[in-house]
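Throw the hints in and build the complete structure from the sequences for me.
If you want our numbering, it's the position in the sequence shown, counting the first as 1, plus 599.
The hints are simulated quantities; they were obtained by calculation from the structure and are not laboratory data.
Hints may contain errors.
[To be verified] Computed spacing ranges between beta-carbons, pair by pair:
| # | residue 1 | residue 2 | range |
| --- | --- | --- | --- |
| 1 | 851 | 1024 | 36 to 42 Å |
| 2 | 872 | 744 | 44 to 50 Å |
| 3 | 633 | 872 | 30 to 36 Å |
| 4 | 1054 | 1128 | 47 to 53 Å |
| 5 | 1054 | 703 | 45 to 51 Å |
Here a beta-carbon is modelled for each residue, glycine too, at the ideal position from N, C-alpha and C.
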Amino acid sequence: MTPKKILRRPQPSEVTGWGQNLPPILRRLYAARGVQSDDQLQYTLKHLASPLQLRGIDRAVELLAEAIAQKQRVMVLGDFDADGATSTAVAMLGLSMLGVVAIDFRVPSRFSDGYGLTPGIIHRLQEEGDLPDLMVTVDNGISAIEGVRAARELGIKVVITDHHLAGDELPDADAIVNPNQPGCPFLSKNAAGVGVMFYVLTALRKYLRDNNRLPDPEPNLGSLLDLVALGTVADVVPLDHNNRIFVEQGIRRIRKGEARPGILALLEVAGRDYTEISAADLGFVVGPRLNAAGRLDDMSIGIACLLADSRDEALRLARELDNFNRERRSIEKDMKTQAQDLLASMSLDIEGLPWGLALFDQDWHQGVIGILAARIREQTHRPTIAFAPDDDGEHLKGSARSIPGLHIRDALAVVDAKNPGLMKKYGGHAMAAGMTIARDDLERFSNAFDQAVRDTLKPEDLEAAITTDGPLGPEELKLDTAYLLKRAGPWGQHFPEPVFDGEFRVVSQRIVGENHLKLVLQPFEGGGIIDGIAFNTGPEVPDFTRSGARVVYKPDANTFRGRTNLQLLVDYLEPLG
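Quick look at the structure:
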């Protein structure tokens, strides 16, 4: 394992005024994550921020209500990732529940269309004689200047629902609902695209109710919260209080078996028990299988899985998605090897690498470069962009992943300001972004990106670190703690799952399954024997039985041959002394 600094999350000296009914360990963990009141741990729907705070939502609701009254044809334009897929499914299901009778969806092709609402999509709909009266974008649209113009020139009304950062110019849509558009007072700027669409549906339901136009019986939009939870976790948006409500409510539905057949099917093909899932299962089990369709083929397959009404149909599609995911992992493995060879060919040690990495290989796959960039970032602890050839042969498509301290979209804005026209288009979030450049401009872009990173970060920002919640005492290293922490979430981005560190005697160690390190541990400060497992260490590891080890871990409940015991999931370990 690459050496890392181990930092401990600051702990409040005293927690008063709230959490008096919580176990002390939870009070400590919540306080270290910024919780300052009991209200911040209330995850009922009444604690959600009001949709009426969203700028543009009134006009969006008017247009949708008009579409219902006039039986207009509505088309949902989605995106090819898990947030886009769940947003599309929520829009399709929710608008149908509220009275839209003619509704369909389209998803751009990652390979032929590119991202979002483009003129090409509108022109193709025109050629097919498939133009809608109203187009609703989900998880995209805030940068679709030309696409919106093309739609409106053909008489199509456009409602944009998005959460991405806005550029200097907004599209001339009939309505824009985006918490990150200028002038929007909505408190939860971290909403995923699926959360924004859900808010539009709740506002539309209120409007129809107030005007005595709701279908009977009244639609239960809460039945969509499993999809909202999945999209929110899979898009890795910060889990502020509002998003934690969405995730917790969705997980509760899934654990009760009240989820969409597609979500239950995706859990089944992955071998997960839906009654015991956590947010991590949505992020690392369901999300990647859903994303695999958009990365390698057509996200319409993923959306069809989410929309499936029967278990049999959902399972058929889930198995297809699982096969895509296996293929994706194989491609990713080969690309990672190529990227590591490319890094090695630079003849530089880690300190000699550029601060901002821009890597390209002719054989890399457009659908997997985002994952590849994330893997290389983890290995080098540098902002990383992986490029793959565009289909036209003249351009490269890049996917960027950042590190703490660098807002990647802002860094790209600096590159664009200093080098106008270098990027044909770009956009994204604080930690992830995408761009297109001319093939011949790769070296120029690489230098500009590296300089933008150097102008923002300090050398210490490039030191890999892992932050823990400190040690667990002997009285806390128990199976009950593992159960407690699993149910105490939802944990996720900016509300991280608890991870601890401590010094252990290593009673024994052995490699299992070629790449995993199985450990038997005993705390130096006293306590019993505990099993541990470190995944994907590779076969070459130090002999920790001689020195002992400092271990960074998560407590977990491991069931083997009908017995459940405490097991430490080891994120990192290093020899003592």
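Results of checking the hints against the structure:
1. 851 to 1024: 36 to 42 Å: Check passed, 40 Å falls within 36 to 42 Å.
2. 872 to 744: 44 to 50 Å: This hint holds: roughly 47 Å between Cβ atoms.
3. 633 to 872: 30 to 36 Å: 32 Å, holds
4. 1054 to 1128: 47 to 53 Å: 52 Å, holds
5. 1054 to 703: 45 to 51 Å: 47 Å, holds
The structure is consistent with each of the numbered hints, conforming to all of them.
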